[in-house]
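Note that the UniProt record's numbering has the sequence shown beginning at 1, numbered continuously upward.
Be aware that one or more of the hints could be misleading.
Under the rule of at most 27 Å between Cα atoms (straight-line distance), these lysine-lysine pairs were calculated in the DSS-like manner [unchecked claim]:
1) Lys261 to Lys332
2) Lys14 to Lys109
3) Lys109 to Lys163
4) Lys258 to Lys330
5) Lys23 to Lys200
Ranges between beta-carbon positions, derived for each pair [what the hints assert, rightly or not]:
6) Ser199 to Val288: 32 to 40 Å
7) Asn30 to Arg321: 54 to 62 Å
8) Asn110 to Pro242: 47 to 55 Å
9) Gln99 to Leu32: 29 to 37 Å
10) Met84 to Ser31: 41 to 49 Å
11) Ser86 to Lys258: 39 to 47 Å
12) Lys125 to Glu193: 34 to 42 Å
13) Ser31 to Leu96: 44 to 52 Å
14) Lys296 to Leu32: 49 to 57 Å
15) Ser315 to Ser31: 53 to 61 Å
Note that these hints are calculated values from the structure, not bench results. Quick reminder that beta carbons are idealized off the backbone N, C-alpha and C, glycines included.
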Amino acid sequence: MKQHANALNNCNNKINLLDLNPKDLYYFLNSLGQKTFFVKQMMNWIYKNKCDDFNKMFNISIKTREKLNKQSYIFANKFIEEKMSSDGTIKWITSLNNQKIETVYIPEKNRSTLCVSSQIGCPLKCNFCATGQQGFNRNLKVSEIISQVWQANKILKEKKIKKSITNIVFMGMGEPLLNLNNVVSAIKIMLDENGFYLSKRRITLSTSGIVPALNQLRNMIDVCLAISLHASNDKIRNLIMPINKRYNIQLILNSALKYLKYSKSNRGGITFEYVMLHGINDSNENAVELAFLLKKIPSKINLIPWNPFLNSNFSSSNINRINIFANILKRKGFTTVIRKNRGNDINAACGQLTGKITNRIKKL
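With the hints as constraints, model all of the structure from the sequences given.
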């Protein structure tokens with residue numbers, strides 16, 4: 001109720017309807033004297049028709065439109081720049097008061113994935129990630145998360161790209177669980193049949209393991225969970241991921257197991273992401289240790305070749321070493337995938353997002 005009250009209080013200064021999840025939108029429209037069915041009508045205009053002008057909503061009375069214009073508005077932050085990779089990946093940049101976030105569209109044979117950001121920068125400072133090295137500015141609002149999906153859908157339609165967005169991953173800039181309420185509200189819009197109407201099995205939230213928030217998440221939303229593990233023991237993880245000193249591997253795994261118990265989205269198990277760093281976490285012993293660590297957790301392991309960025313001292317494991325590592329895990333019975341590098345020629349690959357503009361990016 002507190003969140004609903006806050007939403008209504010914001011009406012004094014006009015409220016962006018993209019900041020409201022379906023329940024919040026109901027409370028707001030109800031305060032204007034509208035019935036329940038009007039929520040569906042409004043969401044259809046916003047999310048199906050991409051309409052951001054109340055005056056163009058022809059089946060809504062003039063009186064109601066006047067009320068809406070007086071107390072609210074619809075605004076989706078626009079992409080200001082675009083860059084396309086040789087592999088078809090597209091990176092878009094959004095400017096938010098001179099700070100920038102990145103959104104990445106990844107087309108594949110049977111699906112198209114949109115990688116969205118949840119924060120400007122990231123406070124976790126993982127040593128192997130360019131986003132973490134740039135520092136943290138702030139959490140994104142619900143509307144700023146939703147705008148990424150809104151604008152991507154709109155541009156893909158304008159470009160007449162047939163592969164519309166089928167999957168959304170919270171793997172862009174930021175740690176989603178440090179922006180828990182806004183991320184969950186955005187996901188509720190993505191799931192709603194009058195919103196983007198995606199299956200909960202097609203939305204993945206990737207986290208480095210913020211244990212208190214992960215414990216809360218299971219009571220808030222059911223989506224696919226990906227854990228950014230990247231190490232087979234606490235000693236290595238402490239070295240490359242400072243957050244591990246607060247929430248160690250065992251605490252994270254215990255919390256993930258609890259989420260799995262209540263989740264229907266993760267029937268195939270939780271995805272564990274593991275960036276392959278030469279000489280740090282890629283030995284045969286590390287593979288065996290990782291298998292032992294995850295032996296009681298239904299899981300899929302994504303091995304990610306490390307993607308370089310400026311002023312980093314890391315290097316990626318070579319493909320032979322990655323294959324050996326993967327084969328050890330497979331022999332231990334784990335579904336193991338070596339992730340393809342997508343968009344690294346435009347700095348759009350995993351761990352490369354910084355929001356920085358280059359001269360080669362196309363202005364929109």
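Honestly, do Ser86 and Lys258 meet the 39 to 47 Å range at C-beta?
This hint holds: roughly 43 Å between Cβ atoms.
Lying within 49 to 57 Å: is that true of the beta-carbon distance Lys296 to Leu32?
Given about 52 Å between the Cβ atoms, the range holds.
Is it true that Gln99 and Leu32 lie within 29 to 37 Å of each other by Cβ?
Cβ of Gln99 to Cβ of Leu32: about 33 Å, so the range 29 to 37 Å holds.
Is it true that the CA of Lys23 sits at most 27 Å from the CA of Lys200?
holds (18 Å)
Do the beta carbons of Ser315 and Ser31 sit within 53 to 61 Å of each other?
holds (57 Å)
I want to verify a distance hint. Is the separation of the beta carbons of Ser31 and Leu96 within 44 to 52 Å?
violated (28 Å)
Given the hint that Lys258 pairs with Lys330, does the C-alpha gap stay at or below 27 Å?
Holds - the C-alpha atoms of Lys330 and Lys258 are around 25 Å apart, at most 27 Å.
Using the Cβ atoms, figure out if Asn30 sits within 54 to 62 Å of Arg321.
Distance hint for Asn30, Arg321 holds at roughly 59 Å.
Look at the Cβ atoms of Ser199 and Val288 and judge whether their distance stays inside 32 to 40 Å.
Taking Cβ atoms as reference, Ser199 and Val288 lie about 36 Å apart, which means the hint holds.
Range first: 34 to 42 Å. Now tell me if the beta carbons of Lys125 and Glu193 are that far apart.
Check passed, 39 Å falls within 34 to 42 Å.
Look at the Cβ atoms of Met84 and Ser31 and judge whether their distance stays inside 41 to 49 Å.
holds (44 Å)
Hint check: Lys14 vs Lys109, CA-CA at most 27 Å. Holds or violated?
With Cα atoms ~43 Å apart, Lys14 and Lys109 exceed 27 Å; violated.
In this structure, the hints that do not hold are numbers 2, 8 and 13, in rising order.
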